[in-house]
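First to last, the sequence lines map onto chains X and V.
Each residue of the first sequence is one higher than the last, beginning at 95 in this note's numbering.
Each residue of the second sequence is one higher than the last, beginning at 95 in this note's numbering.
Take the hints with a grain of salt, since some may be wrong.
A pair holds if it fits inside one copy or across any two, identical chains being indistinguishable in the list.
Said to hold, decoys possible - Below, a list of computed lysine to aspartate or glutamate pairs in the DMTMM-like style, where the Cα atoms sit at most 20 Å apart:
| # | residue 1 | residue 2 |
| --- | --- | --- |
| 1 | 279 | 319 |
| 2 | 273 | 318 |
| 3 | 276 | 319 |
| 4 | 389 | 379 |
| 5 | 351 | 319 |
| 6 | 231 | 208 |
| 7 | 306 | 394 |
| 8 | 389 | 144 |
Since the hints were made in silico from the structure, they are not lab data.
There are 2 protein chains.
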Amino acid sequence: MSILVVGSIALDTVETPFGEVKDVLGGSASYFSLAASLFTDVKVVAVVGEDFPQEYIGLLASKGVELGGFDRVPGKTFRWHGRYGYDLGDPDTLGTFLNVFEKFNPVIPENYRETDYVFLANIDPQLQMSVLKQVKKPKLVACDTMNYWIENKPMELKEVLKHVNILIVNDSEIRALAKEPKMLKAARTVLDMGPGILIVKRGEYGALMFSKDGIFWAPSYPLEEIVDPTGAGDTFAGGFMGYVSSQDSVDPVELKKGVVYGSVVASFTVEDFSVKKLATLKREEISTRFQAFLKLSNFD
Amino acid sequence: MSILVVGSIALDTVETPFGEVKDVLGGSASYFSLAASLFTDVKVVAVVGEDFPQEYIGLLASKGVELGGFDRVPGKTFRWHGRYGYDLGDPDTLGTFLNVFEKFNPVIPENYRETDYVFLANIDPQLQMSVLKQVKKPKLVACDTMNYWIENKPMELKEVLKHVNILIVNDSEIRALAKEPKMLKAARTVLDMGPGILIVKRGEYGALMFSKDGIFWAPSYPLEEIVDPTGAGDTFAGGFMGYVSSQDSVDPVELKKGVVYGSVVASFTVEDFSVKKLATLKREEISTRFQAFLKLSNFD
């Protein structure tokens with residue numbers, strides 16, 4: 095099976111108390127694609143500017159990511175500049191320069207429209223809806239969003255939620271979307287909006303999956319080293335969707351395993367800046383850590 | 095088996111956006127005792143003033159808590175006044191009135207000194223050390239502490255840590271004690287200070303146990319209702335120690351089950367103000383939720 099992802103490609107400048115990188119590969123579609131490509135074929139639809147380094151295209155291509163919907167247009171690539179504090183919690187955004195991403199209007203290539211697994215990364219809900227209208231009967235559609243869209247395009251976002259199977263967001267986003275601080279009530283409210291499955295990413299505290307089958311909790315292994323949390327959420331989504339698509343099954347057990355795989359791959363991403371760790375990650379490393387994650391909540 | 099606990103008994107005034115209570119039973123020894131009494135016999139050493147309501151003594155006694163070390167002295171009972179925000183996170187302390195607790199000098203009754211399981215709740219490390227000198231070869235000693243002692247009596251606290259088997263603290267305390275923001279490194283640093291086992295309480299995110307046997311993660315069930323988080327940590331310790339003492343075993347599997355039982359009992363405490371829920375909690379309710387907690391991280 096394969097996955098279609100529509101999202102952003104960015105050049106990030108990231109500062110932490112432990113180091114700094116400038117204009118490195120970032121954006122939701124980058125992290126998602128590299129993570130998912132560890133499990134399955136990935137087709138990406140995104141836009142970059144003339145300044146986008148060829149080496150990053152080479153990196154994506156070397157992982158088998160299909161770039162038929164990767165548009166290079168006149169102008170500069172989307173840039174984000176963030177700074178993390180000592181606790182590596184939520185970063186301060188020092189600059190967001192949408193550049194060519196401002197006029198992003200995703201056109202799904204004809205031969206991508208029948209992809210069975212679709213991920214709508216965090217972009218304008220109206221663009222997410224436009225993608226949904228272009229694809230043909232996917233088996234599973236998941237989407238992400240952010241507080242900005244929850245506040246500024248609530249109606250458009252709710253329309254999208256009626257048409258997706260899975261919503262993947264974080265703690266604060268689910269509470270904002272449901273206007274409810276209590277997780278369980280918030281989850282019920284959001285499930286009533288349309289998606290049959292809700293996954294809440296909680297960083298070092300793991301992830302929760304809510305569905306009619308109940309609640310599943312995936313732990314997160316305490317890490318030796320956390321260098322840069324950027325992209326952890328998109329990596330999680332990529333690992334999750336990549337695994338599920340590779341099994342071509344939405345059986346509850348496979349979805350649960352997918353949540354653990356998502357957590358596992360995300361735990362590697364944060365061990366280095368940008369996609370550095372993802373770029374060299376081996377399937378054996380994933381399998382080893384998958385077992386370690388499972389062992390965390392085992393009694394023997 | 096039975097447990098000896100030395101800690102505070104308080105009258106709490108608690109405000110939340112959802113309600114308020116005045117001068118209700120609080121303090122580490124209260125929550126701990128009521129939680130542990132669900133599993134085993136508990137002996138408590140604490141001090142209260144002349145104003146301490148007889149009904150609370152009746153409540154503890156009705157649960158089989160032995161009050162031979164429960165000292166009632168001239169003056170007023172320790173009082174704490176806190177206010178929680180909308181997210182029910184860390185409360186603002188509006189007032190702390192130590193009253194008779196200021197001169198608390200725990201004297202362990204002769205017939206309590208051979209208790210096999212000992213819990214030193216969050217009190218001055220010098221008092222914790224004094225208790226350790228009075229008890230005779232306990233099988234297992236656990237202790238709690240807080241940022242105040244970590245900052246103000248670091249040497250005394252480190253002396254205590256050399257003599258306890260288990261340290262039970264929260265996320266911020268472990269990081270402060272180790273002077274290290276990364277959990278895994280912080281845990282290693284603290285294990286090097288003496289205790290063979292470290293348990294980190296993380297509220298709605300569960301609990302982590304570190305030891306030479308590895309890391310165990312107990313999930314926490316997303317709750318229908320959270321009314322008042324006060325006492326969750328001491329309840330956790332009571333449930334944990336109560337279960338372990340009831341099994342009279344420090345086998346890793348029993349310790350892991352203890353961590354889950356601690357989380358389970360704490361999840362009930364926060365469903366109502368003060369010890370209201372603990373006071374009426376049934377063993378069957380605990381068993382049912384224990385199973386639900388385990389199911390959270392199961393694949394089938």
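Practice task
Up to 20 Å between alpha-carbons, please classify residue 276 paired with residue 319: within, between, both or neither.
Solution key: This pair counts as between: shortest inter-copy Cα distance 8 Å, intra-copy 31 Å.
Problem - Alpha-carbon proximity context of residue 351 and residue 319, limit 20 Å - result: neither (24 Å within a copy, 29 Å between copies)
Exercise for the section: State whether the alpha carbon distance between residue 273 and residue 318 is at most 20 Å within one copy, between copies, both, or neither. Expected result: between (36 Å within a copy, 16 Å between copies)
Problem - Copy assignment of residue 389 with residue 144, given that the CA separation must stay at most 20 Å - result: neither (47 Å within a copy, 51 Å between copies)
Handout entry: Same-copy or cross-copy closeness of residue 231 to residue 208 [CA-CA at most 20 Å]
Key = within (7 Å within a copy, 71 Å between copies)
Practice task
Classify it for me, residue 389 with residue 379: is the Cα-Cα distance of at most 20 Å met within a copy, between copies, both or neither?
Solution key: within (15 Å within a copy, 27 Å between copies)
Problem - Intra/inter-copy verdict for residue 279 and residue 319 if alpha-carbon distance must be at most 20 Å - result: This pair counts as between: shortest inter-copy Cα distance 9 Å, intra-copy 34 Å.
Practice task
Pop the pair residue 306 and residue 394 into one bin, within, between, both or neither, using alpha-carbon distances up to 20 Å.
Solution key: between (30 Å within a copy, 14 Å between copies)
In summary, the numbered hints that this structure violates are 5, 8.
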